[in-house]
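**Q** Read off the chains here:
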Amino acid sequence: MSVLVYTEIGKGKIKKASLEAVNYGRRIAAELNTSVTAIIVGGDADLSDLGKAGAKKVLKLKNDKLANFDGKYLAEAIEQVATAENSTIIIFSHDFTGKEVAPRIAAKFKAGIVAGAVGNPVISGDSFSVMKNVFSGKATAMYSINSAKKIISLLPNSFPVILMDETAEVADFAVNLDNITSPVKVKEVKKDTSELNLPDAELVVSAGRGMKGPENWGMIEELAKSLGAATACSRPVADMHWRPHHEHVGQTGVAIRPNLYFAIGISGAIQHLAGVNGSKTIVVINSDKDAPFFKSADYGIVGDAFEVVPKLIQAIKDFKANQN
Amino acid sequence: MKILVCISNVPDTTTKIGFTNNDTTLNTAGVQFVINPYDEWYALVRALELKETLGGNVTIIHVGGADSEPTIRKGLAIGADDAVRIDAEPNDAFAVAEQIAAYAKDKGFDLIMAGKETISYNSSMVGGMLAELLNLPYISLATKLDVAGSVATIEHDIDGGTEVVECPLPLILSASKGMSEARIPNMRGIMAARSKPLTVVAPIASDKLTNIVSYKLTAGRTDCKYIDASTPEKLVELLHTEAKAI
Chain B
1 MSVLVYTEIG KGKIKKASLE AVNYGRRIAA ELNTSVTAII VGGDADLSDL GKAGAKKVLK
61 LKNDKLANFD GKYLAEAIEQ VATAENSTII IFSHDFTGKE VAPRIAAKFK AGIVAGAVGN
121 PVISGDSFSV MKNVFSGKAT AMYSINSAKK IISLLPNSFP VILMDETAEV ADFAVNLDNI
181 TSPVKVKEVK KDTSELNLPD AELVVSAGRG MKGPENWGMI EELAKSLGAA TACSRPVADM
241 HWRPHHEHVG QTGVAIRPNL YFAIGISGAI QHLAGVNGSK TIVVINSDKD APFFKSADYG
301 IVGDAFEVVP KLIQAIKDFK ANQN
Chain F
1 MKILVCISNV PDTTTKIGFT NNDTTLNTAG VQFVINPYDE WYALVRALEL KETLGGNVTI
61 IHVGGADSEP TIRKGLAIGA DDAVRIDAEP NDAFAVAEQI AAYAKDKGFD LIMAGKETIS
121 YNSSMVGGML AELLNLPYIS LATKLDVAGS VATIEHDIDG GTEVVECPLP LILSASKGMS
181 EARIPNMRGI MAARSKPLTV VAPIASDKLT NIVSYKLTAG RTDCKYIDAS TPEKLVELLH
241 TEAKAI
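Protein chains in written order, with the working numbering: chain B, 1 to 324; chain F, 1 to 246.
Please keep in mind that the hints were generated in silico from the structure rather than gathered at the bench.
A hint or two may mislead.
Under 8 Å between C-beta atoms, here's a sample of chain F residues computed to sit facing chain B [to be verified]:
id	residue
1	Val-31
2	Phe-33
3	Ala-102
4	Tyr-103
5	Lys-105
6	Ser-123
7	Gly-160
8	Lys-177
9	Ile-212
10	Val-213
11	Lys-216
12	Lys-225
13	Glu-233
14	His-240
Ideal Cβ positions, reconstructed from N, Cα and C, are used throughout, including at glycine.
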């Protein structure tokens, strides 16, 4: 048996969420006295971080049908490798791929799944429990997984990545998809060209209607750049097409949980909070001292964004200059 | 075209959540229940739009007890033609998917739609499970859906961008923002909903693959620390030394 962890490459290297998942697997494997096998499609990149994160073995899944993402083929491939490895625990990141493939694997094996886990499993004899967020972050629930095979998809940014000086043995795993056909035809792929993928970003600068118009986003982008942060926005801003749809964070948009979230000119409606309340530190800048967001903030500045943000950019630049 | 839309019964986003029975059960006293917004705004409304242009029938399906019926009637008021309630406890995503798959397998639906996730358990799992249980194609997080003849064209969110795919019917999809705009039921719809068929179906036997041991409310943030607007460098210092965020 082994703990199997599904991993991916993004922008040329192993994704941070994948390293978090391998770390998570390492902690479970240590408790169960087994080891972690990481799996990756293709695997044409530097894979050494998978070993450093805790994988004993890395299997590169090989089949031409896996070249484009298709949940049916990928789930079949993962089923084959999980069977060959006799894996009792399979771990995904709760991201776009995880949301499509993890439920397929759960149904194939009729295995209990905890989707969007935020805590390490509590293992005691036959009992295996995992905590996840429920009610859009208003509460957590402890789930017991009762089936022999267990599947967990881990909410990104739940744990810091710890890399150690270890190496994994890397091998190819030939997947047989001869008898599987998917009727889904990919017509077009539109890549998001921003440098930082919002759900992966550790620092996020977000702004709302308080910015008055799309022409005023220059200072938001400059603030983000000074911090090395990704940019995001509130729902009205995306709905008015001031900013692209993929930047919209909140209940209907993307849910994020960075280390630091700046909310500038966002009032803090409960639907917005549902998508950002997992952030470790929240800074709110708003001219309205009664904006509800201040109640959910760690740090607040009551003031006009058009005056505060330029000063803040300068303060960050001074801070960075002193650091070097 | 025959469309099946899966709907969940969830506490409204603005509802205050609490637990009872030693934190093992949601306290439903005073909680306003609604159709899961993604199921309603995106899946159900797009299904109705397709029916209006292409003809056909929209059925809503729900797994849960009789206390969910007001929520099911709201779906009928918005415009679904008929409803099915499978009288089983929605124990977890697999339990729900298993019941829906058992019902849908021989009914010849062209499209099975669900919201991208529920706002109660936030799992995003039922669609993918249905795909395996029914051996049908599944497109997750769809933001646009058009049907021409027997082929659907779907735009959906994937890792690092979006993808446009073509897929012959029947298929399963989960619906995300962009599919359609919310509809408010009118008085005629509300009146009509009372006499539309709501069939209660007995569940199949099902194992509890998972169960909730206990709930815990997330601790709110302690008091916000205010920094004067004229000294943002103090904020930078606190973010470095105290929050250790930069």
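**Q** Hint numbers the structure violates, sorted upward?
**A** 1, 2, 3, 4, 5
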